[in-house]
Amino acid sequence: MKKRMGSILLSSLLTMFLLAGCTGDNEPGNAEPAEGTEPAVQALTEIPLPITSEPFTIDYWRANDAKLTASLNNFGDMAAYKEKEKLTGIQVKFTHPPLGQQRDQFNLLISTKELPDVIYYNWADAVGGPEKMIKDGRIIRLNELIDSYAPNLKRIIESDPDVKKQIALDDGTIYMFPLLKLDALKLNATSGLIMRQDWLDQLNLKVPTNIDEWYTVLKAFKEQDPNGNGKPDELPFTGNWGPGNLTKLHDFAAAFGVIGGFQLNGDKVEFGPIQPGYRDFLETMAKWYKEGLIDPEIMTNDGKAFDYKVTSNLAGAYQGGVFSGMGKYFNLMRDTDPNFNVTGVPWPVSPDGTSYATFNLENKVLSYGEAITASADEDKLKYIVQWMDYNYSEEGSNLFNFGIENDSYVRDGEGVKFTDTIIDNPNGLTYDQALASYALSIMDGPINQDSRYLDALLFDDGQRAANAEWMKASSALTLPPIRLSTEEVTTSTSIMSQVNTYLNETMTAIISGQKPITEFDKMTETIKSMDIERAIEVHQAAYDRYQSK
Amino acid sequence: MELNRSRGIEPGRLKPAGKWSSVKKELVRNRYVYLMLVPVVAYYLIFSYGPMYGLLMAFQESYNPIKGILAGEWVGFDNFTMFFESYYFWRLIKNTLILSFYSIVFGFPAPILLALLLNEVRKKWFRGAVQTISYMPHFISVVVVVGMLKTFSSLDGGLFNVIRDFFDLQPIMFLAEKDMFRPMYILSNIWQGAGWASIIFLAALSGIDPQLYEASKIDGAGRWKQLLHITLPGIMPTIVIMLILRMGAVMNADFQKILLMQTAPTYETSDVISTFVYRSGILEGNYTYSTAIGLFNGVINFALLIIANAISRKLNSTSLW
Amino acid sequence: MKQSIGERVFDVFNTLLLLVIMILCFYPMLYVFNSSISDPDQMLRSRSLMLIPEGFQLGAYKSVFQDTRIYTGYMNTLFYVVVGTAINLLMTSLAAYGLSRSDLMGRKTLMKLITFTMFFGGGMIPTFLLIQNLGMVDTRFALIIPGAISTFYFLIMKTNFEGVPISLIESAKLDGANDFLILFRIVLPLSKPILAVMMLYYAVDHWNDYVGPMLYLRSQELYPIQIIMRDILISSSTEAMGAGADTGFAIGENIKYATIIISTLPIMLVYPFIQRYFVQGALIGAVKQ
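Residue numbers (this note's numbering), protein chains in the order written: chain A, 1 to 549; chain B, 1 to 321; chain C, 1 to 289.
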């Protein structure tokens, strides 16, 4: 499989370089002079350990994580970071804002003159985006530093054109060491449509593959009393964390060849809800709603209500994640109802024969990453960069994905298995809390997430099957991670805030039957009058720029 | 020093020859009062007026922390026009005003009534118990309250629908009915806040001279007459001031609560300025835009307060200044 | 005591009505309290009104109290409440008295300027920068000084002071008292009810203040109970889980409720002690003098 090739390639490259470049002299020597700058530096080919003999401390700001705080106070206490400090000789002082407050605290932090050396953040949340952060001189451009001092990341960027496109801003600037998911498909396909397998078994039905089969199955759930209590109380399809509207049903839109927002048609950017396919989508959903196949409270369910519906055997199908939508309920129902079984349903096939996903499964570079600020000491920059690059070396990657060998994990052929310290933690921690005290993979951080960690945590067959099924969908309808400039963002947001309010209101009204399907034409008219074309133009321009990177 | 603090001579005041001498006389006469006001004025200058330059952000494109506010990009009224021209502008204003208006009409008298009823209770222990318990809901966070509302509104077994069933009515999704939003919002506000707000009226009630009650009893007045002629007039100044202040908060809809309660089917009645802007994602971290909105709200609130104050002064000489 | 029938009927209705109100207002606390001692798995599967707890466990409280930060949290909150409220009352009284004097020159203008600040402010960042420039970030002062006067409460207090009979003040002045004496010996004692209310409102505001500490405090030793509670609360929810929020574990609802009880019960119990100030006749004594 892909990941195996990737790791074999990476390890053979690494070995080659180790053998070839091993001259015992790892410090940058004097080599070909660069164009008129300081004495040139020969690019590193691997990270020396320790990185430097003059110890110093990096001031590091990042959000804390509830999984880690279950047992530790600070990321510096994590086993992986402690080990890294030993190996690299560089100390780190982590500062965390109160849990959940990182957005506000980041905005405050950014407005002060003195910044910490390194900030790890979800840069998509930064107002004005990373472009503005660079423009305002808050964080620095890393391209040259990566070139000279970050061999591992550099290798990844140069060997993968997708990463090259996704990691840089439109003008080519690389500004952070990102959270990478090179094995994108596997790692991203961790959520999708989920259904009660035991109900299917009971009613002798197969997992639906297209919309018509969905209709049959949902109808059977509604009419044939699969929960066996004699009451027609089944909710064939429901949802969690109600957004106050029915946009959760957009999960089914892909089956009609549209998605509920901006979509891609070949190389053209379109707005899904004004396409003819959306009309068919609305019509079918309205039919399902009318016949009671959709839980009307899907609009308002909160976590408590949803948990109640699943564990009380009322919910037949819903959209969720392998852990929060499957593992959680397996754990809850194991003792009380051994028949309980859920499975992942593949994305329904659309009229053109392809099954599309509603979100981009091929995103390799996420917007989370660590950046170096303008306050960092210039002399130390090269060490900081090496320190960051260590995470992407094989050793660093194993450390930050799995923890300490023979302590938190053991090798298992090509893969890994977590030890009892993680799976059956003696201090009563759940496995994700235990793993969080060792590694970053279970949370988020500047690493290449190794899909083997996921494999080691999917305990139920149902989860593994779900992941495999969801990987099969095509992301062709979804936009890649394009970047909008600050003006484009302003234009787009002011248009889309009205469009989205209107869309949500209208699609909810049509599906719930308050307005007839004929309202669709009026809807497209109105959206067009809200200047959607301009928003589409803006996105198209951004897309074209992305493609040409 | 003192001269700086007395900002301007009051209009209409006779200025005898020698303006400074009359000012000096005044300062000496009331010197202790001025002394008292020194820390107060310093406080307002530093902490309220100091940061006010931030209001300028309303006219800017974006905020650059290094260069500071004065160096920001000026876009004049762009932020405001972006707001005024949005498709939903009028609906948002309308909803904000109506929600506030109904809140005042129904929500304002509730604590007063509660205080009056409590005042009529003879047994001190009962009165104390009700008082203490009545303000408990104030301490429950709005998230929990809305969670309770959701549980009560659930289609299958929720309290509200059970009551509907009792009257042979079909169950409805309360949170998805646009006509239900305002009543639910206002009633739950009263439930949560009336007890707490009644405290100030209870304090006012205790400031009424009991001799007045004694005297009226001798004149043969029953409780009802006492209420009309002693109690109500006695707390009227407090009521009026609270009302004026309330008018000055008309544009401040309770953003968090509405956001939690609203659903798309109820946007027509529930969407207010702050929730619309929040959902559009513009608000978060976009200080220039949110400052502009805040400025707009502030202007309207202030204007309403001044009007309410002026009316009150004409009607019954109670006013803020 | 002679009462007409009408009055007696009214009393009955009044009592019943207040009883109903009391029950309605008590219910949320009951709900929260019962939820905090209920068994989370049982709570998951039921939709009840929580009139009695579902199952019983004290685990939520145990795990919350295990966090030693609670004790410093309470101590800090106590500090902010006591010191903060004292300063509030002092400053607000000075302001209210000073501006209740109708013969003060520039009074109207000053009033307008102060009221103006209720509606317009610089916003989060300029205020933060100011606090930072004053060196108050991450100090206790940041929670006590910037909020020293609430204009809203000030206006209420000032209006109340204006209700003090002018004759009392004049006669005191004739006796040679200066304004400070008048304020502390005459006006304040006469305003016990309003002072009690202000004290309660300010104290509760300090107790519940969570935005201030969030913005200005960085060291854990200075955190008040609200922040610590919120930390614990969020630890048991998915809000704080960044990109790894897909977790396979049911979050204990009961912890959420336990934190509410722990963070609100103490302040709720303060009121009964203040009640004695809401007693009629505060003014009589003075007039008789």
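Be a bit skeptical, because a hint or two may be false.
List time: in silico EDC-like cross-link candidates among lysine to aspartate or glutamate, alpha-carbon distance up to 16 Å [unchecked claim]:
1) B:K225 <-> C:E54
2) A:K304 <-> B:D156
3) B:K124 <-> C:D11
4) A:K417 <-> A:E378
5) B:K178 <-> A:E394
6) B:K24 <-> C:D11
7) B:K123 <-> C:D11
8) A:K113 <-> A:D136
9) C:K192 <-> B:D156
10) A:K231 <-> B:D209
11) A:K154 <-> A:E405
Here are the in silico distance ranges between beta carbons for each label pair [stated by the list, open to error]:
12) A:W241 <-> B:A221: 57 to 67 Å
13) B:A215 <-> C:Q275: 18 to 28 Å
14) B:A215 <-> C:F273: 42 to 52 Å
15) C:E221 <-> A:S312: 19 to 29 Å
Everything labelled a hint here was simulated from the structure, so no lab data went into it.
Source: prediction; values computed, not measured.
Don't be surprised by glycine CBs; every beta carbon is placed ideally from N, CA and C.
Consistency of the hints with the structure:
| no. | hint | in the structure |
| --- | --- | --- |
| 1 | B:K225 <-> C:E54 | violated, 51 Å |
| 2 | A:K304 <-> B:D156 | holds, 14 Å |
| 3 | B:K124 <-> C:D11 | holds, 14 Å |
| 4 | A:K417 <-> A:E378 | violated, 42 Å |
| 5 | B:K178 <-> A:E394 | violated, 58 Å |
| 6 | B:K24 <-> C:D11 | violated, 60 Å |
| 7 | B:K123 <-> C:D11 | holds, 11 Å |
| 8 | A:K113 <-> A:D136 | holds, 12 Å |
| 9 | C:K192 <-> B:D156 | violated, 51 Å |
| 10 | A:K231 <-> B:D209 | violated, 66 Å |
| 11 | A:K154 <-> A:E405 | violated, 27 Å |
| 12 | A:W241 <-> B:A221: 57 to 67 Å | holds, 60 Å |
| 13 | B:A215 <-> C:Q275: 18 to 28 Å | holds, 27 Å |
| 14 | B:A215 <-> C:F273: 42 to 52 Å | violated, 33 Å |
| 15 | C:E221 <-> A:S312: 19 to 29 Å | violated, 46 Å |
When held up to the earlier numbered hints, the structure conflicts with 1, 4, 5, 6, 9, 10, 11, 14, 15 and fits the remainder.
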